[in-house]
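Chains as they are written, first to last, in the working numbering: chain E, 18 to 453; chain L, 3 to 497.
It is worth saying that the hints were derived from the structure and are not from the lab. None of these values were measured; they are calculated from a predicted model. A couple of the hints might just be wrong.
[Stated by the list, open to error] In silico contact screen, one side only, chain L against chain E (beta carbon under 8 Å); selected entries: (1) Gly355; (2) Asn358; (3) Arg361; (4) Leu430; (5) Arg434; (6) Asp436; (7) Ala438; (8) Ser439; (9) Thr440.
Note that beta-carbon positions come from the ideal geometry of N, C-alpha and C, so glycine has one too.
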Amino acid sequence: MTPTATAPAEATKTPLIPPSTHRYADVIHRLEAGGSMLPDTPENLKQIIGIYKAYAVPMDFYWRDLLYIAEQVFLNPLPAFKYFISQEYLDLPNSYAGDQSRLRIWRGGDKAHPELLEFMATGETGSMPKLLHHLWHDRVNMEFAEACMQAMLWHQGMGGRFNDYLESDAYKANADRAIRAYFKGNPVMLGLYKLFPEMFLEQVRQLSYTANLGLFWEVMAPVFFEMSDIYDEGGFKGVPDAMNFLVNGIFAVAGRPIYHHVFIGGECFEIIPKSEGFTWLYEAALPYVEAVFYRTSPFRGTKSYNAQAGQVPSDQASFHYGILYADVYPVGSAGIPPTLLMQDMLHFLPPYLKEIYKQHRRGEEDELIQLGITFQRSMYNVTSAVIQALRCALLYPLDDTDPEHLMANRRFFEAQMDRFLRPEARLADIQTQDYR
Amino acid sequence: MTLLLLLLIPVVAAVLLPLLSAEANQVRAAALVAALAQVGLGLWLWQHPPGELSLRWLPQLGLQLDLGLDGLSLPLVLLAALLTVMAVLSTPAAQTRPRLFYALLLATNVGLVGSFLARNALLFVLAYELILIPTTLLVAIWGGPRRSTAAIRFLMYGAVSGIALLAAVMAFGWLQGGGLDFSFAALAHHSLTPTQQRWILALVLLAFGLKLPVVPLHGWQPLTYSQAPTPVAMMLAGAVSKLGAYGLLRFGVAFLPDAWSDWSGWIAAVGAISAIYGALNAVAQLEMRRLVAYSSLGHMGFLLLALAAATPLSLQGVMAQMLAHGLIIALLFCLVGLIEIKTGSTEIPELSGLLNAQRGLPFTMGLMLLALMAAAGVPGQAGFVAELLVFEGSWVAYPWPTLVCILSSGLTAVYAVRLFNRVGFGRLDNARADWASTSWAERAPALVLTALVVLGGLWPTALTGFSDADTAPLALRSSDAVTVIATSTPQELTA
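Work out the full structure, taking the sequences as your base and the hints as a guide.
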């Protein structure tokens, strides 16, 4: 896929509407000109592309293992080996990348990325049994992926119809069939299911979100790989190019089905069939951005909300743990950054990004922090792509000549920026290159 | 002559340093070699106890170069020598006017070691006074923004202390008859009346109370400790203040036992007041150096209590507390100095999140935690052993002041936790956290001091073993009953 700009690269010469008076007016004007919330500088471009590459490699594992857990491990009461992904899932061709894909949009390979396979074999510590790598945490930290899934489950209705469907009779009937098939010949578990059916259903709901996130990241991994390749080939001229590539990607797969299939004894149980019409953009991407980027969840034990009892606040301002707000210092208190993801990305940093880190702050010593801040920058760019995609889907083109339409766009952008007025938001920080 | 060598090493180094090139690293290396040589010699003398050295100097004035090393002075000589090494190591590599700085630091060492080695009261006074000049200059030239005020105040209080000590020593010489003999042996066998003893003790208490210091003679201490450069604060709090306790032990408990016994109740009360006053002030401080300074003041109160009790156990506690506190307070100042170098601040409200593993000062804060635990008397560290001996030894004589001191020891934990919680935890300000991590060279003095603090906790004999035999004869009370045995001679006690 080649990058194509969906918005004019330069601002209109004679503005049809007055300048914004919003605190983030500069950012809004940049978005109106087809840019990103992240300033367009060569270093920003280098940083975000570099981190996309580092993110894509563990993400290639995340989506495979999430689908493995949702489809194969399922309700295993002792899922101690759920991170020991089967070869079948490691070899699973991406649905949208590579020669064996069902619909080839991105380049990609046929199996898991070679860098991932190499890391899984040796890790940091060298060649040793898989179990030791696992126990030593010398591996891809699936705990991060599961935390993202749990954030989506925890916050529930973050858009789309997916969450409501999990309460439907059709879903419960499908889940019931799968549960009974899975525990066939196991009177203890079937007895427990009879006694506590909601507990089992809740587990299946969690697995449905696991599948949802796996399918979401199956798309994102090849997007990030390809962005890295294009940059290496000199294809991106600036941050807006990178953002537009993401916008185009979003539209290219917006309609991909989101489903949950379980394979039990060679038979496929469709807990959420594709025929329900759940799509990637509305049932996965937007809920993911809302739940994970804008909210996430407090460190366990610091706050107590019962999600099942509907106690989780729906107001986004009640949360500041998502990457757009997070304090990247892993201090073990409020402001939990994706520390485990940062640790995962550390293994796959491209050399040019390591070179940047060496030149600033403590160099190699605090790479983890520097890459966390880079990740924050890159996710502001991803969020910009989502905002532009929403504007594109719901409102008007940026080069529209009708002032009312432009004002509608303006109001949309201002409403989006209002979400970053809180002091915890890092939007102001990423406007300067000093924030490292 | 080896005793003289202990003094000559820093003297020669201090004299020769100004002749070296102005390159800071060279001067530092030379000062370090001299200080290390002194430590090495001190350790050798520990294993090979020397005889006393007596050289005629000014016999007309009763001034003899009488030097000796016993169980009271050996540990303090080693402490002073070690802290000099640590002070040199803690000095920034790019120290301005290095030749003068290190020469003055070594001159302070000469005064300290000279005082501890002196076996002649007049010689003691000379060495005692010698400390005042270099330390004042060190504060005045290299101190913080209020260094002038701090140096003047330190000088004034120090001068009064010196004059009071000189007056006490001269009074000793004049009142005991039989010519001017200021040797310790003569002072130990004086024939002063109880009234004369009390007058002299008043001067001794004033002199060493100012040096220690204790409330209400502490006016110079918080400002001087907070304004002095880190290596100087380490020397002042770690070694120079111990001269006050050592002086009270030598001149008060040993030479004036009757008067000491008469006033010991009041002295214990002053110790308890100092302890609680220091601890409460430390709790209220918003600046780390001042917090450590008030913490030191509180711990000096423990020393005074133990001296007042003067039981065999409490006197062991005095020696242990001098060593433990000397190490702990030097460690605390060293760590605060490191934080200041890196972050540019010692203000508690300005700092937070320094425990952050990537961008904070986790190593420094880790040692800070150990140092604060040691100051709070947590078991397994030197502070615990020393405080336990002080409290256990003082309880039989002065239970109420001891209780107050125990309470203030509890308050140590309050300000230690408060400091660590505010500075170590919380959010590290990213805009501010643009400093390099500490190098191993910077960590070295703190590491050595920490190791010794832990060693003192795990092996308490290291703190008390030096001086057991020399403190027992000085005891004025039994450790297990409030029996005043001040009239007993050391020989009777030993028997």
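Here is what the structure says about each hint:
For Gly355 (chain L), the interface hint holds, the least distance from its beta-carbon to any beta-carbon of chain E being 6 Å, beneath 8 Å. Interface hint at Asn358 (chain L): satisfied, since its Cβ lies 5 Å from the closest Cβ of chain E, which is below the 8 Å cut-off. Using the Cβ-Cβ criterion of 8 Å, the hint placing Arg361 (chain L) at the interface with chain E is satisfied: the shortest such distance is roughly 5 Å. Against a cut-off of 8 Å between C-beta atoms, the interface hint on Leu430 (chain L) holds, since the closest Cβ of chain E lies about 5 Å away.
Hint status for Arg434 (chain L): violated, given a least beta-carbon distance of 12 Å to chain E, over 8 Å. For the restraint placing Asp436 (chain L) at the interface with chain E, the shortest Cβ-Cβ distance is roughly 6 Å, inside the 8 Å limit, so the hint holds. Interface hint at Ala438 (chain L): satisfied, since its Cβ lies 6 Å from the closest Cβ of chain E, which is below the 8 Å cut-off. Restraint check, Ser439 (chain L) versus chain E: the minimum CB separation of about 6 Å is within 8 Å; hint holds.
With 8 Å as the threshold, the beta carbon of Thr440 (chain L) stays out of range of chain E, its nearest partner Cβ sitting at about 11 Å, so the hint is violated.
Going through the hint list in order, the structure does not satisfy hints 5, 9.
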